[in-house]
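These protein sequence lines map, in sequence, to chains A and B.
Just so we're aligned: the first sequence equals residues 1 to 115 in our numbering.
Just so we're aligned: the second sequence equals residues 1 to 112 in our numbering.
In short, the hints are calculated from the structure, not lab data.
Honestly, I wouldn't trust all of these hints.
[Stated by the list, open to error] Lysine to any residue pairs mimicking SDA-like chemistry, simulated, CA-CA at most 25 Å apart:
#1 B:Lys42 <-> A:Ser73
#2 A:Lys68 <-> A:Pro8
#3 B:Lys42 <-> A:Gly16
#4 B:Lys42 <-> A:Asp63
#5 B:Lys42 <-> A:Val12
[As the list claims (entries may be wrong)] If you want a taste of the chain B side facing chain A, the calculated C-beta under 8 Å gives, among others:
#6 Phe39
#7 Ala45
#8 Leu46
#9 Pro82
#10 Asn98
[As the list claims (entries may be wrong)] To be clear about the criterion: a stretch of chain A counts as covered by chain B if any three or more of its residues have a C-beta under 8 Å from a C-beta of chain B, and this derived list gives those stretches:
#11 70-84
#12 103-112
As the structure is a prediction and not an experimental result, all values here were calculated from the model.
Cβ atoms here follow ideal geometry from the backbone N, Cα and C, with glycine treated the same way.
Now for the letters of each chain:
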Amino acid sequence: DAGVIQSPRHEVTEMGQEVTLRCKPISGHNSLFWYRQTMMRGLELLIYFNNNVPIDDSGMPEDRFSAKMPNASFSTLKIQPSEPRDSAVYFCASSFRAGGRNEQFFGPGTRLTVL
Amino acid sequence: QQQVKQSPQSLIVQKGGISIINCAYENTAFDYFPWYQQFPGKGPALLIAIRPDVSEKKEGRFTISFNKSAKQFSLHIMDSQPGDSATYFCAATGNAGNMLTFGGGTRLMVKP
Numbered sequence: 001d002a003g004v005i006q007s008p009r010h011e012v013t014e015m016g017q018e019v020t021l022r023c024k025p026i027s028g029h030n031s032l033f034w035y036r037q038t039m040m041r042g043l044e045l046l047i048y049f050n051n052n053v054p055i056d057d058s059g060m061p062e063d064r065f066s067a068k069m070p071n072a073s074f075s076t077l078k079i080q081p082s083e084p085r086d087s088a089v090y091f092c093a094s095s096f097r098a099g100g101r102n103e104q105f106f107g108p109g110t111r112l113t114v115l
Numbered sequence: 001q002q003q004v005k006q007s008p009q010s011l012i013v014q015k016g017g018i019s020i021i022n023c024a025y026e027n028t029a030f031d032y033f034p035w036y037q038q039f040p041g042k043g044p045a046l047l048i049a050i051r052p053d054v055s056e057k058k059e060g061r062f063t064i065s066f067n068k069s070a071k072q073f074s075l076h077i078m079d080s081q082p083g084d085s086a087t088y089f090c091a092a093t094g095n096a097g098n099m100l101t102f103g104g105g106t107r108l109m110v111k112p
């Protein structure tokens, strides 16, 4: 299995531009998570989908952030407009939820720099 | 509000020594406590996990110790190796499902 796939791996953009991050979860997994990692705030959960439905988006910082999961094999995290404080590494993770707690598998991350 | 507090933020250990990382939680509904290991440029990966019905779990050189009454748990790395140099995150989840609350992370450096 290829694992969780994220693209792009690196993104440099200017303030005010729209940024779209993409994630392909592991085939067969039914839960998907978007995280943001910074030195100051550590690893933060932004949003969590189960069976393509958003379950908890309380970690989404503000309305500039939106996430979609149109099908079981694809999700996007969009920032519009982007700001320098959005610079971080964004991780996507997936898991197969079957009653108990299940391991989350993380992708390699997208390093976003907003100038 | 940070619900899982992790210490220390950084740790330097000599090769062959014991690395100890501590975490404390507040939410008594937490019932699953994994540790994740992250190498530079990579995503975190599950290292070892424990449930509160046991006080200790060991996998190779890695051991989790769990103190339910104190709401604390720790990771011990025995015979630490330079290849163990990474950032370690404790985490916790409860009956809310698969959502993990992560500690702030500990950057471990093992000197040869």
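Hints versus structure:
1. B:Lys42 <-> A:Ser73: holds, 21 Å
2. A:Lys68 <-> A:Pro8: holds, 17 Å
3. B:Lys42 <-> A:Gly16: Cα-Cα ~28 Å, so violated.
4. B:Lys42 <-> A:Asp63: Violated - the C-alpha atoms of Asp63 (chain A) and Lys42 (chain B) are around 28 Å apart, more than 25 Å.
5. B:Lys42 <-> A:Val12: Given pair Lys42 (chain B), Val12 (chain A) holds - Cα atoms ~19 Å apart, limit 25 Å.
6. Phe39: With a minimum Cβ separation of about 11 Å from chain A (threshold 8 Å), the hint on Phe39 (chain B) is violated.
7. Ala45: With Cβ-Cβ at 7 Å, under 8 Å, it holds.
8. Leu46: Because about 5 Å separates Leu46 (chain B) from the closest Cβ in chain A, which is inside the 8 Å limit, the hint holds.
9. Pro82: violated, 23 Å
10. Asn98: holds, 5 Å
11. 70-84: n = 0 at 8 Å, threshold three: violated.
12. 103-112: Holds, because 7 residues of the region 103-112 of chain A bring their Cβ atoms closer than 8 Å to Cβ atoms of chain B.
Hints 3, 4, 6, 9 and 11 from the list above are not met by this structure, while the remaining hints are.
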